[in-house]
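Peer 1: Sequence:
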Amino acid sequence: GVGRGPAFPGRGLASGAAPPALPSSCSFPDGAGGPCSGPRHPMALPAWLQPRYRKNTYLFIYYLIQFCGHSWIFTNMTVRFFSFGEDSMVDTFYAIGLVMRLCQSISLLELLHIYVGIEPSHLFPRFLQLTERIIILFVVITSQEEVQEKYVVCVLFIFWNLLDMVRYTYSMLSVVGISYAVLTWLSQTLWMPVYPLCVLAEAFAIYQSLPYFESFGTYSTKLPFDLSIYFPYVLKIYLMMLFIGMYYTYSHLYSERRDVLGVFPFKKKKM
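Taking this note's numbering, the leading residue of the sequence shown gets 12, the next gets one more, and so forth.
No lab work stands behind these hints, which were simulated from the structure alone.
Positions of the beta carbon are idealized from the N, C-alpha and C atoms, including for glycine.
Lysine to any residue pairs mimicking SDA-like chemistry, simulated, CA-CA at most 25 angstroms apart: (1) LYS66 to LEU120; (2) LYS233 to VAL150; (3) LYS66 to PHE138; (4) LYS233 to LEU246; (5) LYS66 to MET183; (6) LYS247 to VAL166; (7) LYS161 to MET88; (8) LYS161 to PRO222; (9) LYS161 to PHE95; (10) LYS161 to PHE215; (11) LYS247 to TYR218; (12) LYS161 to VAL101; (13) LYS161 to LEU113; (14) LYS233 to ILE146; (15) LYS66 to VAL271; (16) LYS161 to VAL245.
Here are the computed distance ranges between Cβ atoms for each label pair: (17) PRO204 to PRO131: 19 to 29 angstroms; (18) GLU157 to TYR241: 11 to 21 angstroms; (19) THR89 to LEU234: 39 to 49 angstroms; (20) ILE189 to LEU234: 51 to 61 angstroms; (21) PRO235 to TYR265: 43 to 53 angstroms; (22) LEU141 to LEU75: 14 to 24 angstroms; (23) PHE236 to THR68: 46 to 56 angstroms; (24) THR232 to GLU157: 16 to 26 angstroms; (25) TYR162 to ASN67: 35 to 45 angstroms; (26) PHE236 to PHE135: 29 to 39 angstroms; (27) PRO235 to GLY96: 49 to 59 angstroms; (28) GLN159 to ASN67: 34 to 44 angstroms.
Taking the hints into account, I'd like the entire structure generated from these sequences.
Peer 2: So this is what it looks like as structure tokens:
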């Protein structure tokens, strides 16, 4: 008699009959969508979408903007000095003060760069350097028109721009993997004579601003309970802290210079 159907597919079929085809994902293109497909490999992102590429692109644009800004300032000051002589030093702030304030304001982003880890540096030394400039530029110079006409402002701007043009050039090229022995040495050495001169110029700017803060009472205020803040005293305290901060920053920069130049492959001439 006729028995029950075959226990396994393919058994009991008529002679020459083809077995029923089983659905297989192996026939799908690229082996997608079924149990027979091999392990999937994530599709590689384009180079311009990779995090490292985006980070380097952003840093390159930032360094380029800063380099262009400080180069414009330095070029403007140089051309004005050769055109008008010492008279150009008196109105330096009026000619380039806006661009200088813009560049120094944007430089605060560097603290964020270090904090989130996209720029390899130490946060506290950079914080000291940036706040030092912000206080001198916005609190001491910008708030007192009489200070803006002093020669020390021109000298201070020259020192700042010398350091920044070299530093941002070095950083901009390093992001794209370009390094020059001379530029590396200059970026790690120029600050040694210039940075102390910057601090001395900043201290002299504070000293020259004290009579105006005393006479105009700028930033001095009275507090409850017969308390008051006399801003010239605050500046005098900051003047002492400025040199303490200079010692710490100088020590850090010297240590950084030793590390960078110690591993940089300088070629020695054979005798």
